[in-house]
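Protein chains: 2
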Amino acid sequence: MAQFPTNLNEAIEWLASFGGEPEGGVTRTLYSQPWKEAQQALKGWMEEVGLLTYYDAIGNLFGRLPSPNLNAPTILIGSHVDTVKSGGKYDGAYGIIAGVLALLHLKKQYGEPSINLEVVSFCEEEGSRFPVALWGSGMMTGIYSYKDINNIKDSEGISFETAMMAAGFGLTEYRVRKDIQTFIELHIEQGPTLEKVEKSIGIVKAIVGQKRFRVTVSGESNHVGTTSMKWRQDALHGAVNMIHDLYESVKEYDEDLVTSVGQLFVEPNVPNVIPNHVQFTVDARHPKESVLHSFCQRFTEQFHDHAQKMNLDSQVEMWHEVQPAQMDHSLNEIIQSICTSNSITFHRMNSGAGHDAQLFARICPTTILFVPSQGGISHSPLEYTSTQDLEKGLEVLIQLLHQLAYNH
Amino acid sequence: MAQFPTNLNEAIEWLASFGGEPEGGVTRTLYSQPWKEAQQALKGWMEEVGLLTYYDAIGNLFGRLPSPNLNAPTILIGSHVDTVKSGGKYDGAYGIIAGVLALLHLKKQYGEPSINLEVVSFCEEEGSRFPVALWGSGMMTGIYSYKDINNIKDSEGISFETAMMAAGFGLTEYRVRKDIQTFIELHIEQGPTLEKVEKSIGIVKAIVGQKRFRVTVSGESNHVGTTSMKWRQDALHGAVNMIHDLYESVKEYDEDLVTSVGQLFVEPNVPNVIPNHVQFTVDARHPKESVLHSFCQRFTEQFHDHAQKMNLDSQVEMWHEVQPAQMDHSLNEIIQSICTSNSITFHRMNSGAGHDAQLFARICPTTILFVPSQGGISHSPLEYTSTQDLEKGLEVLIQLLHQLAYNH
Chain A
0 MAQFPTNLNE
10 AIEWLASFGG
20 EPEGGVTRTL
30 YSQPWKEAQQ
40 ALKGWMEEVG
50 LLTYYDAIGN
60 LFGRLPSPNL
70 NAPTILIGSH
80 VDTVKSGGKY
90 DGAYGIIAGV
100 LALLHLKKQY
110 GEPSINLEVV
120 SFCEEEGSRF
130 PVALWGSGMM
140 TGIYSYKDIN
150 NIKDSEGISF
160 ETAMMAAGFG
170 LTEYRVRKDI
180 QTFIELHIEQ
190 GPTLEKVEKS
200 IGIVKAIVGQ
210 KRFRVTVSGE
220 SNHVGTTSMK
230 WRQDALHGAV
240 NMIHDLYESV
250 KEYDEDLVTS
260 VGQLFVEPNV
270 PNVIPNHVQF
280 TVDARHPKES
290 VLHSFCQRFT
300 EQFHDHAQKM
310 NLDSQVEMWH
320 EVQPAQMDHS
330 LNEIIQSICT
340 SNSITFHRMN
350 SGAGHDAQLF
360 ARICPTTILF
370 VPSQGGISHS
380 PLEYTSTQDL
390 EKGLEVLIQL
400 LHQLAYNH
Chain B
0 MAQFPTNLNE
10 AIEWLASFGG
20 EPEGGVTRTL
30 YSQPWKEAQQ
40 ALKGWMEEVG
50 LLTYYDAIGN
60 LFGRLPSPNL
70 NAPTILIGSH
80 VDTVKSGGKY
90 DGAYGIIAGV
100 LALLHLKKQY
110 GEPSINLEVV
120 SFCEEEGSRF
130 PVALWGSGMM
140 TGIYSYKDIN
150 NIKDSEGISF
160 ETAMMAAGFG
170 LTEYRVRKDI
180 QTFIELHIEQ
190 GPTLEKVEKS
200 IGIVKAIVGQ
210 KRFRVTVSGE
220 SNHVGTTSMK
230 WRQDALHGAV
240 NMIHDLYESV
250 KEYDEDLVTS
260 VGQLFVEPNV
270 PNVIPNHVQF
280 TVDARHPKES
290 VLHSFCQRFT
300 EQFHDHAQKM
310 NLDSQVEMWH
320 EVQPAQMDHS
330 LNEIIQSICT
340 SNSITFHRMN
350 SGAGHDAQLF
360 ARICPTTILF
370 VPSQGGISHS
380 PLEYTSTQDL
390 EKGLEVLIQL
400 LHQLAYNH
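Here the protein sequences come in this chain order: A and B. At position 378 of the first sequence the residue is numbered 377 (numbering that gives the first Met the number 0), and the sequence of numbers has no breaks. At position 348 of the second sequence the residue is numbered 347 (numbering that gives the first Met the number 0), and the sequence of numbers has no breaks.
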């Protein structure tokens, strides 16, 4: 008989062993061998703690603690089992493990709930094997369909469909459930806020909207020494003026607005030649779509103005967009009162990263709770959250589910 | 018997055939087979037109039209035979060819000069095979010595010394000549100025000084979405503020100051990660050392100030420096009067690129004359100067040499 974990810490290490690497990282990409082994092991563990288990058509795994009331709706709790390449032990995994342990505790302590409680181990969220993210929650919420994976391949040329079928999934139609009443996710913060403000729980108000742009600036390549400043069409000088203004204008917005230029390429990129071509990315995020939209419109206009003044060509092209998702206010009020009455410190904040919860927010009351990430580090073998913080998150989740599913 | 060219245009095409490429470029790097063939061919041509020819110890080629006066000094005229990879037909080549044709004309027309006239085909100026530039003029002027090529290799791992000896040079001590009274170079402009101002001859006041820097900015890599603007240590944001200020402050200097950031690398250079490391180059040039020095000191201080304010580390390291070289005022006065009396339009200007003349300026009266480069293009197969412009340059050179070497 398999050895299953008996507490939070053991469970984190146990799940990290599927896809675990000698250097401490975890790689468990969608439909890979370590992924299959992890889902199968979680299924075994769920069954051992007394949950009814099953997969849906694409490999989301469920462990159900049913209500005796056959018409009861379902509260879904969980996160994703997949990881980025050489990721950490906590991202996704913590939300699934906490869900299983919460149901185990509630079942032992209080027996059958009046509303079905169900933990989910989403097959995919990271977008790290195929250029599709939030696959598990996207299909569950009916926002995605099989059409979204047509002609999509991984870096080795394996098609999404082939990989899915080889893992034993994608063989039947996907049936979108109608019984989900509430979705709750527990996740590491993946940022430095909770550590900086010294609080244990992050109560998420909204998952920010994102817009990502590719900006291309074109000028003329010339000899650095022989071309007077006034005759230059320097693409890097233009890009620098644009990015300088981008960061200046963000100061006029509220603190929730973040923007970054993470990637920048220069051509020909040699010391004594004036650059004729620069391409850079802009990532902008804010919890309110209207604010995000106005900011992006503003910098797009500024960029074109700079280009025109400097006799350069510019293109600003949006290549990725995510709508902001508001978390449920009532759920957050309950969480806050649980924290207060248990002397657990908390901080109301936004999530700057995307999560499965952002898609559920479109179909049902949803929230996501954060625990601190040491140094704000994530997507790295150095990802770490203290046992104490992990346990506080679990404690809040148990009390929340107790209030939602047993007080009827 | 070899076919030698009979006019300027023929000579340009003929010399370009040594190292000529199907796409129109010319590659004739130091001590390579096309280089050897070109120098040998030039030697043959010089002999045919009646010059005394010889090589020095490193492969500079000379063609001498001697004065009957055994104590006469020497006026040296010429430029470099080497090219960059896939360079043009005019850079360097024009100066040698014009020198040979000028001496041919003067000899035919006026016979023996009272001062020795000597054309030189410098072995190397571009620094395109080995990381040493101005090798030919550096050795002739005694500014370089064999020590400067110790431990220097080309991109294929061949040492400078091996390549030199394989070509038959570097076998004897280098003897620095004491008889050079004047150095005159005729060269394409390699910039757009003459074309923009619509003049035929550029009379060069100074070859600018250059300082080149490598700037390193280090911060901290973090998740774009989860890291508030106020907690960031964004190396690219820092670099952008530095470069923005660099280009702003250049506006406070005179028009002769040029500066450029030609190369910039970002790490990790992915759209959703805040850059933790940026490295960029700064190239600054001006004909006056004091101005150049003050500008470089100013931006170095500004860069460190920006880094400090933004909680970043910065390093500013100078890796290349060339002193400005003043061209001879009396020679330029004679050139100006020749232009005026022949209705040849001229423009007094600085050279933003380096040339052999800059080293000779340290040891004797020296000047360099420019002819226009179409579109300012050089170091490219597209390099082009019209026959008319080439001929005007040759005409001015002939009259200048006539005044200097025959009016005694």
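Treat the hints with care, since some could be wrong.
The list treats identical chains as one, so a pair stands whether inside a single copy or across any two.
Calculated pairs, SDA-like style, for lysine to any residue (alpha carbon to alpha carbon, straight line, at most 25 angstroms) [said to hold, decoys possible]:
hint, residue 1, residue 2
1, K229, D244
2, K107, R174
3, K308, S248
4, K152, E22
5, K229, A165
6, K308, E394
7, K84, F264
8, K308, D253
9, K195, H319
10, K198, Q39
Hints in this document: simulated from the structure, not taken from any laboratory.
Discussion item. Run through the hints listed earlier and report the numbers of any the structure violates, in increasing order.
Written reply: 2, 4, 5, 6, 9, 10
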